[in-house]
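Colleague: Protein chains in written order, with this note's numbering: chain A, 177 to 466; chain B, 26 to 327.
Do not take every clue at face value.
Stated by the list, open to error - Each computed PhoX-like pair below joins lysine-lysine, with the alpha-carbon atoms no more than 20 Å apart:
(1) Lys375(A) with Lys352(A)
(2) Lys292(B) with Lys72(B)
(3) Lys320(A) with Lys72(B)
(4) Lys352(A) with Lys292(B)
(5) Lys72(B) with Lys321(A)
(6) Lys321(A) with Lys76(B)
(7) Lys76(B) with Lys320(A)
(8) Lys292(B) with Lys321(A)
(9) Lys76(B) with Lys292(B)
Source of the hints: derived by calculation from the structure; they are not laboratory data.
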Amino acid sequence: MKQHARIRLAVIYIGAAIVLLGTIGPFLWLVSSSFQYERQLLNRPPQWLPNPVVLDSYREIFEGAVLGEDSGVPYQSRIFLRSFGNSFIVAGSVAAIAVLVGSYAAYPLARLDFRGRNVLLFGILASRLIPALSLAIPIVLVAKKIGMSDRLVSLVFINLSFILPYVIWLLQSYFKSIPMELEDAGRIDGCSRLQVVHKIILPLSLPGLTSAGILAFLLTWGEFLFALLLSETPASYTSTVVVSLFATDVDVNFVSIITAGVVSVIPPICFALIFQRFIISGLLSGSLKG
Amino acid sequence: MKAETNNERKEMSQGMLAVLFSAPAVLIIAATILVPFGLAVFLSLHKWNLKRPGRERFIGLENYVDWLTDSDFWEPLQTTFTFAIGAVLLIVAVSLLVALLLNENFPGRGLVRALLLVPWAIPSVVNALLWKWLLNPQYGLINALWFELGIITEYQNMLGSMPSVMIWLVIAYSWIHIPLATLLLLSGLQTIPGDIYESAIVDGAGLWQRFRFITLPMLRPMLSIVIIFEMIFALKVFDIIFVLTAGGPANATNVLGWQIYTETFRKLDFGAGSSIAMLLGAITLGLAILFYVFLDKGTEPQ
């Protein structure tokens with residue numbers, strides 16, 4: 177029996193090692209490549225760890241914005257930092273507004289008894305079934321007509337509407353888990369519905385609000401289709417757009433391309449690892465009950 | 026009597042509150058989803074090419090008829106299905122294996138589960154860049170590995186021909202989709218009570234029998250959800266195509282998502298683009314319903 181347990185553990189650890197290698201191996205290689213000289217990357221067999229650690233491409237990206245056109249730094253590197261900031265602005269705004277607006281919409285769905293409740297819930301969820309590509313066509317057309325193309329605020333607005341159904345669903349299931357007695361006690365003490373939401377529901381839902389906000393941030397950070405279609409100049413490029421400009425340009429050296437990829441995923445990966453509990457619980461409650 | 030009127034008044038105020046509270050969210054969703062959807066239907070019934078301004082006109086279902094009688098629809102449709110079926114199979118198979126592993130109790134399990142979030146958090150465009158790098162014909166790590174292992178004798182352009190381009194596209198796409206599927210299946214596995222397994226062991230059921238007759242049936246609802254979601258996602262694949270293959274080589278990876286993009290935003294034919302996007306939407310929705318009915322049927326009676 178002891179022998180059996182040992183074999184079991186050995187099999188598990190071999191499996192876990194394979195899973196780990198497959199999970200983070202490709203990304204680690206991207207990171208390692210970004211610190212090497214381009215010519216070292218041609219080595220056979222490949223050089224696994226950078227030696228020496230080369231920071232040139234990182235310098236290009238972080239100083240690119242102030243370096244001129246004749247510095248030899250690729251165009252994409254010079255606009256990267258700005259797009260990185262744009263991604264923060266868009267994803268941060270979407271997360272904040274989605275949680276704020278989503279909380280108010282989620283409360284009646286979780287707690288109030290009104291006609292059309294199921295219709296509202298179903299309608300909100302069903303709106304996500306329409307493929308973004310088919311909506312993109314009229315949205316781009318209208319945005320150009322009314323002069324809203326190439327603006328970050330349009331991106332915030334569009335992303336918001338795609339994230340909101342998800343956030344509302346997540347929050348209403350979280351609100352339902354808060355004991356009704358707490359709310360009743362507040363009502364007896366003379367709180368209005370709005371006060372109940374502000375003083376009881378929201379403070380108790382902090383973990384749920386955090387999950388929703390982080391998921392909204394991460395999903396918006398990675399959004400590409402609308403970021404591509406609604407931007408015309410570097411003023412409104414997000415980091416995914418600049419990464420795509422890097423990746424589809426054959427004239428830029430590989431190390432610059434790779435570095436852009438690495439830098440653009442630092443925020444989402446840090447967020448994901450720091451807030452892993454919130455993310456996993458958010459992902460599961462968001463889809464489990466769906 | 027009095028209680029009733031009180032209730033009625035409460036009912037009214039609850040409805041009003043619901044309207045007020047949900048109005049901002051509903052308005053935002055309506056403005057960017059419902060209105061554009063209406064416009065998309067409108068566009069799909071018109072000849073609407075931005076290259077020929079002023080010549081927009083209503084043509085009924087002509088766009089649809091054109092697509093349905095055109096190989097430019099049927100070939101991308103076939104490519105889309107090849108891709109989607111491959112991706113769903115790979116994602117479900119790998120995530121089921123990983124979920125079964127993580128369902129075992131072992132020190133370090135939490136770490137493996139946490140690191141699953143690394144690929145999950147990588148945006149699809151960066152993922153495409155990553156695989157473009159791994160598959161590079163001169164520098165690519167996969168070429169290097171295959172070469173060192175003696176599988177190939179010289180470096181190859183893995184994105185340069187069929188079927189290898191489709192295989193790698195499916196792998197690259199699946200890499201960031203496997204983690205969420207794994208977490209969902211894992212949560213499904215954890216709802217299966219342990220004593221069922223114990224009594225099965227007492228009855229002499231082996232590993233495979235336990236999987237086949239306990240795990241699989243009890244996991245079926247979650248498995249159905251994962252399959253349906255992944256199918257919906259894979260059918261509208263676009264981002265990775267944009268960066269990794271641009272539909273090539275020679276249209277080998279020209280999926281419907283890419284066809285819609287080139288038709289609309291390169292040829293600027295918004296009418297034709299809208300109608301093919303509607304077709305893709307209808308196919309996706311139809312399949313989702315079909316899968317739902319088909320996969321759900323087996324779960325009810327035990």
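Colleague: Hints first: check each against the structure and report whether it holds.
Modeller: Here is what the structure says about each hint:
1. With a CA separation close to 16 Å, the supplied pair Lys375(A) and Lys352(A) stays within the 20 Å bound.
2. Of the pairs offered as hints, the one joining Lys292(B) and Lys72(B) holds, with about 13 Å between alpha carbons and a cut-off of 20 Å not exceeded.
3. Straight-line distance between C-alpha atoms of Lys320(A) and Lys72(B) comes to about 19 Å, which keeps the hinted pair within the 20 Å bound.
4. This hinted pair does not check out: Lys352(A) and Lys292(B) have alpha carbons roughly 49 Å apart, beyond 20 Å.
5. Simply put, Lys72(B) and Lys321(A) have alpha-carbon atoms about 18 Å apart, close enough for the 20 Å limit, and the pair holds.
6. This hinted pair checks out: Lys321(A) and Lys76(B) have alpha carbons roughly 15 Å apart, not beyond 20 Å.
7. For the hint linking Lys76(B) to Lys320(A), the alpha-carbon distance of about 15 Å falls within 20 Å, and the restraint holds.
8. The straight-line distance between the Cα atoms of Lys292(B) and Lys321(A) is roughly 19 Å, inside the 20 Å bound, and the hint therefore holds.
9. Note on Lys76(B) and Lys292(B): the hinted pairing holds, with a Cα-Cα distance of about 8 Å set against a maximum of 20 Å.
Consistency with the previously given hints fails for number 4 only.
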